[in-house]
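Model the full structure from these sequences, guided by the hints.
Here are the chains, one letter per residue:
There are 2 protein chains.
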Amino acid sequence: MEMESYVVVHNIAKRHNVGTLARSATAFGVSELIVVGRRDFNAFGSHGSTSHLAFRHFHSLLEARSFLKEKGCDICGVEITDDAVAVDQHPFKRSTAFLVGNEGTGLSAKECEICDFFVYIPQYGSGTASLNVTVAASIVLHHFAVWAGFSERIRDGNKFVVAEKPAKQVKRNFCAETVDAIIEERKSRKQNASEFFDGDGNAQSSSNLLEGLFSDDQ
Amino acid sequence: MEMESYVVVHNIAKRHNVGTLARSATAFGVSELIVVGRRDFNAFGSHGSTSHLAFRHFHSLLEARSFLKEKGCDICGVEITDDAVAVDQHPFKRSTAFLVGNEGTGLSAKECEICDFFVYIPQYGSGTASLNVTVAASIVLHHFAVWAGFSERIRDGNKFVVAEKPAKQVKRNFCAETVDAIIEERKSRKQNASEFFDGDGNAQSSSNLLEGLFSDDQ
Numbered sequence: 406m407e408m409e410s411y412v413v414v415h416n417i418a419k420r421h422n423v424g425t426l427a428r429s430a431t432a433f434g435v436s437e438l439i440v441v442g443r444r445d446f447n448a449f450g451s452h453g454s455t456s457h458l459a460f461r462h463f464h465s466l467l468e469a470r471s472f473l474k475e476k477g478c479d480i481c482g483v484e485i486t487d488d489a490v491a492v493d494q495h496p497f498k499r500s501t502a503f504l505v506g507n508e509g510t511g512l513s514a515k516e517c518e519i520c521d522f523f524v525y526i527p528q529y530g531s532g533t534a535s536l537n538v539t540v541a542a543s544i545v546l547h548h549f550a551v552w553a554g555f556s557e558r559i560r561d562g563n564k565f566v567v568a569e570k571p572a573k574q575v576k577r578n579f580c581a582e583t584v585d586a587i588i589e590e591r592k593s594r595k596q597n598a599s600e601f602f603d604g605d606g607n608a609q610s611s612s613n614l615l616e617g618l619f620s621d622d623q
Numbered sequence: 406m407e408m409e410s411y412v413v414v415h416n417i418a419k420r421h422n423v424g425t426l427a428r429s430a431t432a433f434g435v436s437e438l439i440v441v442g443r444r445d446f447n448a449f450g451s452h453g454s455t456s457h458l459a460f461r462h463f464h465s466l467l468e469a470r471s472f473l474k475e476k477g478c479d480i481c482g483v484e485i486t487d488d489a490v491a492v493d494q495h496p497f498k499r500s501t502a503f504l505v506g507n508e509g510t511g512l513s514a515k516e517c518e519i520c521d522f523f524v525y526i527p528q529y530g531s532g533t534a535s536l537n538v539t540v541a542a543s544i545v546l547h548h549f550a551v552w553a554g555f556s557e558r559i560r561d562g563n564k565f566v567v568a569e570k571p572a573k574q575v576k577r578n579f580c581a582e583t584v585d586a587i588i589e590e591r592k593s594r595k596q597n598a599s600e601f602f603d604g605d606g607n608a609q610s611s612s613n614l615l616e617g618l619f620s621d622d623q
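For the record, the sequence lines run as chains U and D. Residue 435 in my numbering is what sits at position 30 of the first sequence, and the numbering runs on without skipping anything. Residue 523 in my numbering is what sits at position 118 of the second sequence, and the numbering runs on without skipping anything.
Honestly, I wouldn't trust all of these hints.
Pairs involving identical chains hold if they fit within one copy or between any two copies, as the list cannot separate such chains.
Unchecked claim - Pairs of lysine to any residue, SDA-like flavour, derived with a Cα cap of 20 angstroms: (1) Lys564 / Ala491; (2) Lys564 / Phe522; (3) Lys474 / Glu409; (4) Lys564 / Ser513; (5) Lys474 / Glu557; (6) Lys564 / Asn507; (7) Lys564 / Glu484; (8) Lys564 / Asp487; (9) Lys564 / Tyr525; (10) Lys476 / Phe555.
In short, the hints are calculated from the structure, not lab data.
Set out below in C-alpha cells:
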C-alpha cells in the first residue's frame, strides 16, 4: 500500500506561517494541506510551492476527521502529551495526517480529541519550550517521509530538480467545495460579517478569500 | 568526551530568521550561535530564548574556523553538494558546528571552503527546492542532538520545563569582543559608513548594534 502524509491546520494564528508550512509540506511529499475553520490567509513565504501542493478546506475538525478516516489515515497530533512518542522513534503504521497546533498555544482539547496518537520533538538544554510551528511540523514530516520510504527527489548540482509548474491557465490546486459548503459559508458570513472585513474596513468577496488561499506571493 | 553543537551564520539576509533560529538552537541544546560578518540583526522571533543562548561574533569565516578547530569541532555545511550525506544517516563523528546558508542562495564557495563535510535534507515530491533556512537548520540540529545523545529536557504536563532566566541585572549572553576587535570594527565602519545607516538614514551607534544582537523582541 502506498503511504501518504497530510497536514491539518486549524484556525492557524499567524498568517505567514501557512506559506512556509506549505513550502515544507511540498518538500516532504505531503499529499494535501487540509485547512480547517478560517481560511482567509495568504500564502506568503511559500516561494511558489503552493502550485505543487493540493489544498482542501473543511469547516469543522470532525468533517476533516471523517475525510481522513475514509482515506484510511491515522491522525497524529504534534503535541507534548503524557503518551506522546518521540518523533525519531517513528511510531507510524500507515498513511498519517499530522495536526499541528497554533503557534505558542499547542493543540486545544477539541483538537486532541480527533487524534489517534501523538508525537513530540525532544528538546535539550534549559531554554525555550516552544518551537516555531513550521519547524515542528517540518521535523515530523521529514521523519514520516524517511519512515515511509518516499522516493527521494533527484538532485542536479546543488539544487533539487523541480517539476515544471502547471501552465497558468490550468486550474491550480483544488478545493473540496460543494454547493452545500458554499451555502453554509455564505450563511455563516452573514451571521458574522465583521470577520470578512480587512483592516481598512473593506469587504472581501468570497473569491478574494479563495484567491488569497492559493496566491503565490513570495 | 562530551559532544557539543554550534551554529554558524554568515551575513544572514533575513533579519527575523536569526531569532527563530536562536529559538531552535536553544531547543536543541546548541552551545553557541556564532555570527560571522554583519551583526546588525535583531532577535525578532526568538520569544526570549536568546537569554539562554550564548552568542559569539567573528569578522571573518577563517577566524570562526580557527576558533572551532581549537574546540576540536568538525564544521559541517548544510548544502546539497555532490558529496553531501543525507542528514538522517547521522554522518557525525565529534562535536560539530553547522554552517547554514543565506535563505534562498545556499552556501557560497567561500563558505563551503571552511567546511569539513556536508549534509543535506532529502526532499520528496516535485515541488519547491528551497526549505526555509531555520527549518533546514532545525532538522539538522535535531538529528545531531539525537545522535549525540544529549540529555532530554524534563517534561511537565504538556510543556517542557524551562530554566529560570538570569535576573535582568546579570550580564546576559556574552560576545567575544576584544579591544582589538572593537577598534577593527570602528575602522571598517568608517570605511563603509553607509552599511550602518538604517532605512531612514539614521546612524546607528555601535551600542545599538550590540543591543540589537541581544534584544528579546518577540
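ask   = Out of the numbered hints, which ones does the structure contradict?
value = Hint 5 contradicted; others consistent.
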